Every structure is written in structure tokens, then in C-alpha cells.
Amino acid sequence: MRYLFKKKEFGILAVIILMSVVLTMLNNVFIRPDNLIDVAKGNVVLCIMALGMLPVLISGGIDLSVSSTIAMCAVVGGKLLVNNGSNLFMMIAVCMLSGAGIGLFNGIVIAKMKIPPIVATLGTMSIVLGAVLFYTNGDWITNLPKWFGEFGMIKVLGLPVQVLFLIAAGAITWFLLKFTLIGRGVYAIGGNAVSAQRVGYNIEKIQICIYVYSGAMAGLASVMHTSIVQQVDPNTFTGMELNVIVAVVIGGASTMGGVGTVLGTYLGVALMAILKNGLVLAKVPTFWQKIVMGSIIVFAVSFDVINRKREQAKLERVDVEE
Amino acid sequence: METKTMLNARKILAAVLVIALTIALTACTGGGKSADSSSGEKSSGTAQTEALSTADDTKKTYKIAVMPKLVGIPYFTQTGEGAKRAGEDLGVEVIYTGPTKADAAEQVKMIEDLINQGVDAICIAPNDPNAVIPALKKAREKGILVLDWDTPVDINEVDASVHQIDDKALGEHIFDKLVEEMGTDSGDYAIITGGLSAANLNAWIDYGTEYAKEKYPNLNLVTDKIPSDEQQQEAYSKALDLVKTYPDLKGIIGYSTPAPLGIAQAIREKGLQDEIVVVGTAVKEDCREFLEDGALDVGCLWNTEDLGYLTVSVAKALLDGETLTNGMEMEGFGTIEVKEDGKTIIMGPPEDYMK
Amino acid sequence: MLKKMKAKHANELILLVILVFVIILMGMLSPTRFFTWGNLATIAFQMPEFGLLAIGMMAVIITGGINLSITQVATLSGIASAFLLSGDFAAQNPVLGIIVSIAVGLIVSVFTGLFNGFFVAYVGVAAMLVTLGSMTLFEGIGLNMTKGGSIAGFPSAFSFIGNESILGIPVPMLIYLMMIVISYFMLERSNWGVKVYLTGCNEVATRFSGINTKRTLLKVYVFSSVLASIAGLVLISRYNSAKVDYGSSYMMQSVAAVVLGGTSINGGYGTVAGTVIAVAIIQVVSTGLNLFGLNRYLIDIIIGVVLIGVLAIRFFNKKWETAQLLKISQSDTKQSQCR
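Residue numbers (the working numbering), protein chains in the order written: chain P, 1 to 322; chain G, 323 to 677; chain L, 678 to 1016.
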């Protein structure tokens, strides 16, 4: 039982439960199933992208280009639907492959040319977004085929189809991270890249895979996004990358690398989502919402660091005293 | 160390090649796509120097720059079409360019660049009327004609102001439509606007709410106007939040063309077409789908292409040295209404789009 | 001596050459319009706000962190100043009002710097995360103050800062040049500066050497914020109003400029000169291509490519360089951790 309490995810869960209780007291619309499902649906895109970002952060890297990647995949998917009227399978495949392509570029630049991830993905972000805007001139893509609109509205057991995709994505990510060699390699690199190399992991290959995965997830997210809003607006994704990073970090991953879990990511996204939704339902004026969110981010990450330092101190004391 | 200088030379050469190559590549592909500005640039560049040296004005083609709040949304794409068509009809060169998001600072920079490009007129729809004033001042000092369209700037800073409709008329009209569709003049309503500092939207909102206070005193605005920054998704999620937070809501007004569409999407998803009235400024083609099932009740706008066309037309007329008079005939357009100050132009009354 | 300078500043010299080349290239593309006073003036007016933010960002990056909140600090202090400027006090006593509002802006920025610095240095949270949170926080405060709109109505004397010139040199440029010199002396020629670089290089070792790294870091964030507030001052004067999202695109661009200028993203190395030249390169490319009429989006692409390209070149050259060194002396391969 003690073990469960110590886990970082438990801390976040506790915060979530506390917030939910407070919010329900402020406006009991919050706890209504349809509200919760709306919140879930509204954050599917963010969460899928966060699942893609998770391995990147665990490995100690970062991927700033996800916002541009999802924009590109959305445009590609949109054009595909409008011009070729293909089917769902094709669309998902094409979008994920395009995203993976960008990820591949990122991965090669980072792994082979040793350019720091923050810089490489910054450059990619510029390039991809510029290309997307140039190609579309910022124009929206509307008039998606009717069947796609219906797809977006499908519900299974009361859950929107997008949420199901989210659960699947999370399951796959969890499986990859926990049970495959590459997955364990991600943690190894994040922990200590040199040691990982000595142990025998092929760092370059793993790094490329990580960024490809991030890009592919962005592609999947783009399909979900388009299915929800039924149009493509290339400009709407700017700035998203920072929200994704915040969600993953609050969920327990560290920018230094080596830590992070799928469950944590879910909880991190949930925390941010509930916070946002709650602030609105509690009729907090729009302008205060950002202040609250910013403060919570700062305190959440501080709290985490302080906790960790205290644990470290405890360990050190034990060693010295022994 | 010889190797060091060789090394540096290599570095320089490589960097230089990279830059040159990328510029060359993109310039070649870019030249084809942005045909309006880039190819026009080169030819008019020489035309400009010719005109200056021979001082022969009669053969000179005017370069009129038209800058929307942002590019990429259907509203401003359509106005762009109109403006470019005017360019062809009237024989002037039209540069239609703007930032990719509703950013006032970007607009200022683009104005400064246009000044350097040596345009004859700058027509701007500002995201923030205050931000552009210093830049417009500089333009006027250089003898460049300045006018605003779609959204006004301080009238003293421009040579003419093209309004698509009378702001007061539209503000009041929207509220009339809201009450009409609601079937009652008492109830809760909310407003979702575009950018918070857009002067045109704020004018309509202010006129409308003033009007409502007098004529429909039982109409209750539940919360301050909510921004959506010209993004349909924002409007969609904000509308969802609204209907959940205020279950007694009877109507939502959407200002700025993406907003009513986003709101309608939210209404449709929640199945509230019959309970909540949605009224707003939206482009005709986009309205159709939402009008069908009643998610959107009334869309209200004006002819977007005409607005672009008129702006160019007015600019050309002023460059030709004409003065604006009420009821005058604009080349290729029709008659316009000009206010007493001789500068403000009203294009016409608003159009309603309903089922 | 010259050789020594060349070796030590090889990076900056290369950047300088690239700058010259870029200027020539842009000039070739639009000969009649690039080399006009008007265009040079435009560049001189647009560059300072970008450059100041870049230097502010550089200081933080040298310590191994990043300051994502820098643009929000600029606008927040601008908004604070604007509040006073648009009030009655300033209307009646313009000169005094301007001075007071500038002071207020600076004070606000110092507070933001202390806030950031406290969490990074004393609590120990990663810089990226703190500044991500503070970015949102400052934006929220700014939004609260402006209610989302813009604050305008400054005394006309104020526009002098952003729009006029002294002896033909635009005032923003003079401010920029002054801050470049000050930053150079503070970062590269002072005791504190040495501590900053050392902290960025290896925080633990520096701490054990007896240097108070926490205090040093705190000062770095204050320094960064002060530079941001000066940039904010230029911004609100140029745009004659203050709004929350002015200059938001500068954040990523300043990181790009800093990295292009040779600063290592992991900290420990970087020069003011490098950053300034890199800022100039980006500015010249941007303005020049705009003048040429190239689509704005393509300009974004080009800058992204240049960023990755130059870094890739540096990488390949470093490989070549270390290979050479290995060939020359098998046993003595010094690899500084900070390069």
C-alpha cells in the first residue's frame, strides 16, 4: 500500500480527485457524464500527441515540431478526403505515414548529425509550417465527405470513437515502452545515454524510432482532430507543442529524461483538461484562467522537484548515518 | 595553422552554398505560386525607375497594396478575389498580402516593407487600430495614399475609410434578428467575438448592446464577450463551454466570420438547434450547411468580393485625383454612400442569409 | 595576435562573412530598393526589438536553461508602462510621466526575473518548465490588465523612442547598440559574467568551487527580464500601444538567433557578438526577401533550413576537425565539455 502512495502518479491522481470535488461543489454540471465525455473528447488530440511526446521526453529529448507536423498531416488528410474520397483506413495510414516521415527527418538530424533536439525540432517546426502555409495559403479545407462527418459522431458504449482511438494509442504506447527492447532502450537512453550505449543499445536507431513515433502519433491525432471539427485550418495548431509538453511533464515525465509512464501522461492531460473545463464552469472570468493555469503549472512542477529532492536527501542521510 | 584557415574557408563556403541554394530553390518555386507579388515586383521595379526618370505619369500603373487582418479565412480570401479582379478590370497592380494570424505587430512590419517596396497606396484592415498609426504616418509622409477598409482606423490618419456597412446599422440589425428568432425579447444570451481589439467587431458589439439596453431591456448578457481569435475551433469549444455553464441560454451571437460556424457546430453536436438561437456574421457559402438543420439561424454579412473590389476602386479614384462625393459612381462597381466628412464610404446595407 | 584572435573568434568571423554575403545577395535580388536609406532605416527600426530579446535569451541559454517567458515579460512590462502612459498623470506631465512609466516597466521586469530565477535557482525546477508556466502566468496578468484589448493614448512625446532618429540613427538602434556594449561587458568581461559561463558549463563543479551559483542564476534571469523590458519599451513605442501578443513570434526566433550565433544550447558557451550578427543575418534575410516579394511562408522555411543547415555544417566540420586533431596528435585530444 505504501508503495502505491509513493508513486508519483498517485500524487497527481490525488490532485485530480481533489480538484474534481471542489469543482463539483462549484458547479455540479462538472460531474455530469456528458460533460466528462465532452472533456475527454475535446482533449483526445492533445492526449494522443502527448503519448507520442512521452518517449521523446523519456529519452531526454524534445519535439517542438509536433504542432507543425499535425498541421501538415491534417492538410494531407483533408486533401485526400476531398480530392480522392478515400476510406478511413487509407486516411489514417497516409496521415500517420506523413507524420512518420517528418519524424524520420527529425530523427536523422538529431541522431546522425548530433544536433540538439530542441534546435533541430525548432528548425523543422519552421520549415514544415512554412511549407504547409505556403501550399495552402492558409486556406481552410471544408466540404469533407459526409461519411467522415458520420464517422466523427460514432459512439460505442456511449464513448465517442475518438476516445477509443485514444485508449488504443495509450495501450500500444504502454506495450511498446514496457515490453519491447526498443521501449526499454528509450528509458536507458534517458537515464544515461553513454551507459546505454555501452550496454549495447543502438542509440541512433532508437532515437530515430522515437521521433518517427512522435510524428506518427501526430498524424493519428490529426485524423482525430479533423473528425471532431470537420474542417482543416492550418493555422489553428500553432503553440500546441508547448501544451503537449506541459501535459506530459505534469504527468511525471522529466525534461531531463529517464522517467515517465503512459498512465502519468493520461493523468497529466486529465489534470490540465479538468482545470480548464473547471475554470470555465466555475465562471472564472476568462482573463483569470491563464493566471490560474500558469500558477498551477509552476507550482506543480516545483512540488514535484521539491518532493524528489526530499527523497534524495532522505537517501543521503541513510547512507551517511549507516 | 594552415588547417584552421582552410577549415574556416570550408565552413564559410558550405554555409554560403546552403543559403544560396535554399533561396534559389524556393525563389524558383515561390516565383510561380506567388505570381501576384513576386513577378509583378520585378517588372514594376523597372517600371518604377522608368517612371521616375522620365517623369511621365500617364503610362504608370498604380501599385495598390491591400492588407487584410489575416489571410487564410474564407472571408478574407473572398475579399482578396474581389480586390484582384478590380486590379484586372481597372488596370492597376494589386498586392494582396497579410499575416497568417490576426497579429497587429506583423501587420506593422508588413506595412513598413510595403513602404520600402514603393507602393502608391496602402489599404489596411487593421487588427489593432492604434498599432498601425505610426507606420501609416510614415507612409503618408512618403506620399503614399492610406485608406482603411473593413475595420476603421482613426479617421484623421487616413485619406479614406471604406466601410462595408454602417456599423451602427449592423450592430442594431443583429440584435433585432436575435430577438426575432428567439421569439421573445427576454432571456439569456452570450457573445463570442473574434479578436478582442478588432475595432469593427467592438463597434458592432457596442452599438448592439447599447441598442439592446434601450429596446430590449429584458435581454440579459450572461458574461463578457468571449474571444475566439478568428478560429472556428476556439468558437466551437467556447460555445460548448457556454451551453454547459449556462443551461438557460437562449441565444448566442457570433462576431467575426469563423465564430458563428463554430458556435453552430457546438449547437448541432448538442442537439440544441431548437433551444438556442445562433445569429452572427458569417460568409454565405459556409452558412448554408448550418442553416439547413437550424444550428445557425441567421447569418448576416455583405458581399465580400464587392468589398475588396470597392477598396481598390476607391484607391484608384483617389490616386487619379478625384474627390469622393455622396452617390458617386465607382468604376465597375456602382454608387456608394459617402459621409459628410468626405472620407467615409459605406458600401451598402447588410444581407441576411436564412434557410 | 591576429592569429589568436582569429582562432578564438573563428565562429564570429564566419558569421560576419555570412552576413556580408547575405547583404550582397539581398542587394542583388532587389538592387533598386535594398540599398536605399529607407530600407536600411526600416531594418534599423525593426532589428532592435528582436536583438534585445535575443541577447536576453542568450544569457539564459548560456546557463543551460531557456527563457520561454521572455516575450511575455516584454509585453507585460510594456503594458505596465502603458498603463501609466495612458493615464492623466502622463498627459499632464509628459516628460516626467514617461520617465516614471519606464521605471515602472523596469521594476515589473525585475520582479518577473526574480520570480523565474527563484524557481530555477532556488527550487531547482527545470528552466523550460518554469518559464513555460510563468509565460502563461504573465500572459494572464497582462490579459487581466488590458482585458484582451490594447492600451493606447500615450503622450505624443513617447513615440520619439520608437520612431525618431538622432543624427540620422534611429533611436531604437541607439538603445540596442548601448545594450550590446553593456551586455558584452557584463557577460564577457566581468566577474559575474565568468560565473555565469562557469555555472552553465558545470553547475555542480562551479558550486563546489565556492561560487554561489544560485545567486548568479537569479541575476541571470533578472538580466534577461530587464533586456526584455527594454525590448518591450521599444515595441510599445513603435506600435503606439501595448497588447499582450505583440512580438509573440520573437520567442522561437530568438532561440534560433542565439543558436545560429554559436551559443551552445547546453550552456557554457556563447558570445554577444555571435548573437548580434546572427540576429542581423536573420533580419536581413527576412527584410530582403520580403522586399523581393517572396512569399512570407517561404521566408520562414528558409530561416528554418538555414538554422538546421548551419548547425549541420558545424557538426560536420567539428567531426572533420577532431579527425584532423586525432591525426596530428594521437594522445592529446582535448575535448572541452562546453563546446
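Derived from the structure by calculation, the hints contain no laboratory data. Being a predicted model, the structure only gives us computed values, none of them experimental. Note that the Cβ used here is the ideal one computed from N, Cα and C, for glycine as well. Hints should not be assumed to be uniformly reliable.
Coverage of chain P stretches by chain G, computed from C-beta distances (three or more under 8 angstroms per stretch; other residues unrestricted) [as the list claims (entries may be wrong)]:
id	stretch
1	127 to 139
2	223 to 232
3	274 to 281
4	288 to 299
Exercise. Residue count check for the stretch 127 to 139 of chain P against chain G: does it reach three with CB-CB under 8 angstroms?
Worked result: holds (count 6)
Exercise. Has the stretch 223 to 232 of chain P got at least three residues whose CB is nearer than 8 angstroms to a CB belonging to chain G?
Worked result: holds (count 3)
For this session: Please count how many residues of the stretch 274 to 281 of chain P have a CB within 8 angstroms of a CB from chain G and say whether that reaches 3.
Result: holds (count 3)
Exercise. Are there three or more residues in the stretch 288 to 299 of chain P whose C-beta lies within less than 8 angstroms of some C-beta in chain G?
Worked result: Violated - the stretch 288 to 299 of chain P has 0 residues with a Cβ nearer than 8 angstroms to chain G, which falls short of three.
In this structure, only the earlier hint numbered 4 is contradicted, and the remaining ones agree with it.
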